[in-house]
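For this one, chain A is given, so just place chain B on it according to the hints.
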Amino acid sequence: MKRFLPLLVFLALAGIFYWRIVLIDRGDMPNDIPSVMINKPAPVFKLPALFKGEADFTSAALKGHVTLLNFFASWCVDCRIEHPFLTGLKGHGAVLVGVDYEDKNADGEAWLEKHGNPYDRVVTDARGRTAINFGLYGVPETYIIDKQGVIRYKQTGPMTPDVIRKTILPVIARLEK
Amino acid sequence: MKRFLPLALMLFCIAPLFFPPAARAVMPDEMLANPALEKRAEAIDARLRCPVCQGESIADSNADLAHDLRLLVRRKLVEGDTDKQVIQYIVARYGDFVLMKPPLDRDTVALWTGPAIILFIAALAGWNFMRAKPAPLPELSREEKAFLAKLDDDAGREDA
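Here the protein sequences line up with chains A and B, keeping their order.
Reminder that position 126 of the first sequence reads as 126 in my numbering, one-by-one numbering, no gaps.
Reminder that position 38 of the second sequence reads as 215 in my numbering, one-by-one numbering, no gaps.
Just chain A, with the same shape it has in the complex:
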């Protein structure tokens, strides 16, 4: 019995590590931290529009419809990955608001010019203060806010087609009811 102890310990550890790898493969990243903002009202904010001549966007405008608040930036690599898939969110009832995070307006505009603008509204958080009030870790990050203005879901990292189909659209459908 005793001579098999090292082997048993090894197998137990290997099992634990393998299980962790399986979880990561399923999308459960160990460095994902659950947001404490879920089921809390969105923080009060007033963000200026990216494009000249458009009105500011305030937290009061969240009421009455489901909102996807998508933080992005022209300097963000993962946002480039996510960008083409954002058009797939159209037609599901939710208002898609882009927040250009810690960016120069000219860079943000040029980026949307080049890659297309899938957003209903584009606003800027040039100094990232509103982002901190949302508990943002980095870009891209997307908050799904219900008709009452309460944060119901947070997507950390890019919304790939898989994420959109399996997670984002079902959440929107649930909140639209």
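If you're looking for bench data, these hints aren't it; they were derived computationally from the structure.
One or more hints might be untrue.
To be verified - FRET-style restraints, in silico, Cβ to Cβ: (1) D162(A) with I294(B): 37 to 43 Å; (2) T58(A) with E256(B): 20 to 26 Å; (3) T160(A) with A309(B): 55 to 61 Å; (4) Y266(B) with P34(A): 16 to 22 Å; (5) Y266(B) with V77(A): 26 to 32 Å.
Yeah, the Cβ is synthetic: ideal placement off N, Cα and C, and Gly gets one too.
Coordinates of chain B only, in the frame set by chain A:
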């Protein structure tokens, strides 16, 4: 003396862990003019984990978010918040995770007690190992005894 050499060597190797180099990321343009307030800000920085880098406090991290959080800490202090209020403000948005020393609760019991338990088990195993008597040597076989006796004989003859 010699038996303590490995121990001394080991302590020498792990010593830097107990005296981490003071790496601070706070930039001169972030600092407050009021030294007392800046000192408080830096103490708060050291207690807050950078959400992006996760292993570093915002005092040590060069991440943009850490920079923004340092500015936020200073802005709140200038506005007259207490240290506790500043930390509470950030915890309300980022959760207990953002504290370098999270409070002891149901979720963090393993985190706080784990190292002590593992150390205890290791000490127990180590003690057991040191205490164990070496296994008794097996009896010599008849051939071996005969061989030894022959060696003795030979040696005796040469002495003579």
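In rising order, the numbers of the hints this structure does not comply with:
Violated hints: none at all, because every hint is consistent with the structure.
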